[in-house]
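Chain residues, written in single-letter form:
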Amino acid sequence: MRLRQTSLIALAIGACLLAPNLAAADETLKIGVLATLEGPFTILGQEGLRGVQVAVDEIGGSVAGKKIEIIKQATDASPDSAVRAARTLVEQKGVKLVIGPLSGDEGLAVKDYAKTKPDVTFVNGASASQDFTLRSPAENIFRFSTDGAQWNAGLGTYVYQVKGYKKVAIVAEDYSFPYTQVFGFMAEFCKAGGSVASKSWVPIGNKDFSSVIAAIPDGVDAIYVALGGSDAVNFLSQYQQAGGAAPLVGGSITVDQNVLQSKGKAREVLIGTPSSGPVADLDTPEWKAFATAYKKQPDAFPSPSIFAQSYYVDAKPLLMALQQTGADLSDGGKKLREVLSKISYESPTGKISLDKNRNAIADEFITEVAAAPDGTLYKKLVKVVSQTTQTLGFSEADFIAMGPVGRDKPPCGK
Amino acid sequence: MSKGAAKDGWSSSLPTRTGEIGLGQALLALALLAYPAIASDFFLTQIGALSLIEGMLGLSLTMLAGYGGMVSLAQLSVAGVAGYVIAIFGQSTTGVHSFDWPWMAIVPLAIACAACASALIGWISARTAGIYTIMITLAIATAVFYFAQQNYAIFNGHSGFAGVYAPVAFGVDWRAPRPFYYLTLVVAAAAYASILYGRRSIFGLTIQGIRDNERRMRALGYNTVLHKVVAWLLSGVIAGAAGVLLVWFHGRISPSTIDVAASLNILVIAVIGGLRHPIGPFLGALVVVLLQTFASDLVGAERFNTLIGLVFLVIVYISDDGILGLWRKAAPWLARADRTASSLK
Amino acid sequence: MTIAYRDRTGVGEAKSSASPFSGRAAAGVVVAAVILWLFFGTWPDWLTEALTSKKSFLSALLNGLTLAGLYFVVASGFTLIFGLMRNVNMAHGSLYLLGAYVGYEVATRTDSWLLGIAAGVVTTAIVGLAMQIFVFRHLEGDDLRQTLVTIGISIVAADLMLATWGGGAYQVTPPDALSGAITLPIVTGATSSGAAVFLRYPLFRLVVLGVAATVGVMLWLLLNRTRIGMVIRAGVDDRAMLSASGVNVQVVFAGVFAFGAGLAGFAGVVGASAFAISPGEDVHYLLASLVVVIVGGMGSITGAAIGALLIGEAEQIGLVYFPTYSVVLTFLIMVITLALRPRGIMGKPS
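Chains as they are written, first to last, in the numbering used here: chain S, 1 to 414; chain P, 1 to 345; chain V, 1 to 350.
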């Protein structure tokens, strides 16, 4: 038994030692990408990867003479998995450039990790949590996409003044990203004079919205829905089945492409729904070029989603900065980050530049869902909200005083 | 261990304590102590320390399942209790309530809370057996997960706590790779030694008796429910210690750390390793951690879950006790060498 | 009605039929009266105040009922398998999802909802058969290993289904005759002009409820009025005796497993018509089946019905009135039930 034991132990140790240890190759430039490739958010992570690939293809696949190697690391939208994936990329695979993560809570977790690795440069993927950059930002994190509150800039005022909805009910999921979206919507809507009749915070993972729908008070002018993915599809189909009459106002991910192209009849409820976000099916040549390049990717949707656009507008300036600095990371990336913080460029969705917290100042689009002649749904542009900032037009002191996003923020009506 | 028997209960001649520590375990101890000399920082922490921590979690399960016949899926929830106590009463960067107590106060507090939680779970499950224990502990684990996710007042909901790090104590920064590795090694070794000792103690033998035939033990006059609850309490101490190390390892804790998939992972670790000996969970943890870290290199970033699932399936299907069981199956031709060696003593 | 073989020789406690029966009957009448009044009577103001509105309460009640129907169909397969073979099939949720995906593919290609259902049922029954023959038979007697192998299968299956169908949401379109909302004869309020406002309710949910009731009745008839049912009930009580009396027990097991798996697939297609399916639904319905069966009692069809009702109502009413902790409530019910009645409400000691 002792002999067996010893051999067993030796085997175990050998396994530890023999496990592969990837060495850095000199000819390739490694860029790590964090994307949700596990669980129900997989479809969004794949979109993100498509966005990165478009950016890489645009620059010819290599920068400053070095071939770009994209190293994908899967997360499952939980903060722990994001940190673990980031550590694998940085500590095991030795990457110095990371694009990602995808979800809001993942972003907050990665921010804490990034602070412990000051010589690694992080660019956002699609994380839209406010505090990724608003409160105690990290010096090595750059977000060229906008946050969830910015995504709803202009919507509250538009809905009140143009659509004439004075009283709305809110249905949203019970975690930080929907809090951010509702924050952005309500800050403007309440300021314009609107009131909120009821707020239904639905627990994560709930699929059955029928009771929530039935509990919505009868006299509301519209229902603001901030649900995404399959939850949005469920809500819409159950709303249709319940014979719901009140019009809907969509959060940015409720009318995102992955919902618009889902299989089934539920999405027809969305036709005519106003929403706002960083993406619209614009008529500009820049957008059309981007959409064409995007559609060449395998399994692409009819039109780029928020996640493809977000990963793209974050990856692109990183590649531009690498080009400018000759991909020289020998100083721990200091020069690269200096260049990055000053970049301002024309993206497919308008001009993007950074504020002092390295958060994007960019255009948002108020859209309405419409049906194309071939039956697919797309987001028709109604109005451009130019160059929104993270403080949404309030002074920074006032904005921060409103407190971090939460179930009861901001106070308004009920 | 020198007995080589599958059952750890009734052997005709109980060995002395020193006789227990065979050559194999001494070699293992040396190898583990010397590991930092050859391993990179990544391997030291992400493979070495993590395997030890997850092995400890698996050990708390093995203690209950292998020796007590109670398979519990709530061990990670118990560890989570300890982790959250550290986060709430210690320091964190989340900006939510963290009381900033010194580590010397919160570590014992965390382990005590975990032990109490475990005893409570044990008391709830004491009347169940077999598959029902699995189900009730799964339900408890799920309930704890959902509660932590929905409650912002205590647990800060979905976002959890971040910036929870090991302290700087006695002049050493325990957050650094080498000190942290040695810390986990010492704690895991203590847990392992305590199980090795405990399984031959009166209490340990009583628990195994309850596992084998609870009615008879009751007839003999033992208070089986009390013994079970105490066993849960003790396993809660191990799980709690592992929970403290876990939160220091990740630097954060959130509901996803203790969700259903992670709880099942602990069961996977314990079963893959083998439930019959305390070294089993550590073996299982090493295999699982290696798989999870390198699976995406082997089959790509998208399909690694298939690989992990398949390896798990195959091991459980062909062996009746995980890796240790596989080893025992290969025993016959090894036993020939062993018998020759021992006959020459 | 449980799958247990009823002892007709009179051994055991003789239950006095008079007092508990009339007590139960009285309680039943009171409960029925309250429910009828809740639905059709006019509510006093304090009640409307407490329960937000009559519409939301009654909708939640009905939604819980219809959700319970779906849970019952899924859980009945699970409990049937456990009752006879003591197998906990942790891949039951994967069977649900597989049936749903296959049903979706067939239904959209052939434009026939019924064909989709048939395809889903057949596929999962075959997979179930394969699992019984290659997995459970090999591991007979070792509960823990069976559970773990099925966990492994569910992990692999979930990933393969993700690879095949992607991460998007799919929804099967039910036939037009079964879609949309109907007006129920329940008054929920009055418009400003005084006309009565009736409750509008999704028709398909009532269809699901009807389907579940039909399945329940058919299962009862199968188990209690057919020869096969008698064989199954005998096998639950005493497998060795059944084998000794000349029945090929392995064939019976395989058949029951295939049937239980088929039920999961059936629930999958019906469920996919009511709610969208996506990766993660397998875990959701597995946990739901587990909770329902544990609360109701493993091996009991009536127990599954009671458990499904309890859990479905708890979920929906919790969602409306205390959404933050509604999910915790469901699992709390399970923990309390197990702590008080370790075998479940209708479970019998093995």
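Hint data in this document are derived by calculation from the structure and do not stem from the laboratory.
Hints may contain errors.
Stated by the list, open to error - Below, in silico cross-link-like pairs of lysine to aspartate or glutamate (DMTMM-like), each with a Cα-Cα straight-line distance of 20 Å or less:
1. S:K93 with P:E214
2. S:K30 with P:D320
3. S:K96 with P:D212
4. S:K265 with V:D176
5. S:K93 with P:D173
6. S:K356 with S:E139
7. S:K66 with S:D355
8. S:K380 with S:D355
9. S:K334 with S:D355
10. S:K265 with V:D111
To be verified - For the chain V half of the interface with chain P, some residues (derived, Cβ under 7 Å), not all of them:
11. V88
12. D143
13. R145
14. I294
15. T324
16. I333
17. I336
What the hints assert, rightly or not - Beyond 10 Å from chain V on every Cβ pair, some chain P residues (computed):
18. L23
19. F99
20. D100
21. A119
22. I131
23. M135
24. A139
25. T142
26. A143
27. F147
28. Q150
29. I154
30. V229
31. V271
32. R303
33. I308
Glycine is no exception: its CB is placed at the ideal position from the N, C-alpha and C atoms.
Which numbered hints does this structure break? Those not satisfied are hints 1, 2, 3, 5, 7, 8, 16, 17, 22, 23, 24, 25, 26, 27, 28, 31, 32, 33.
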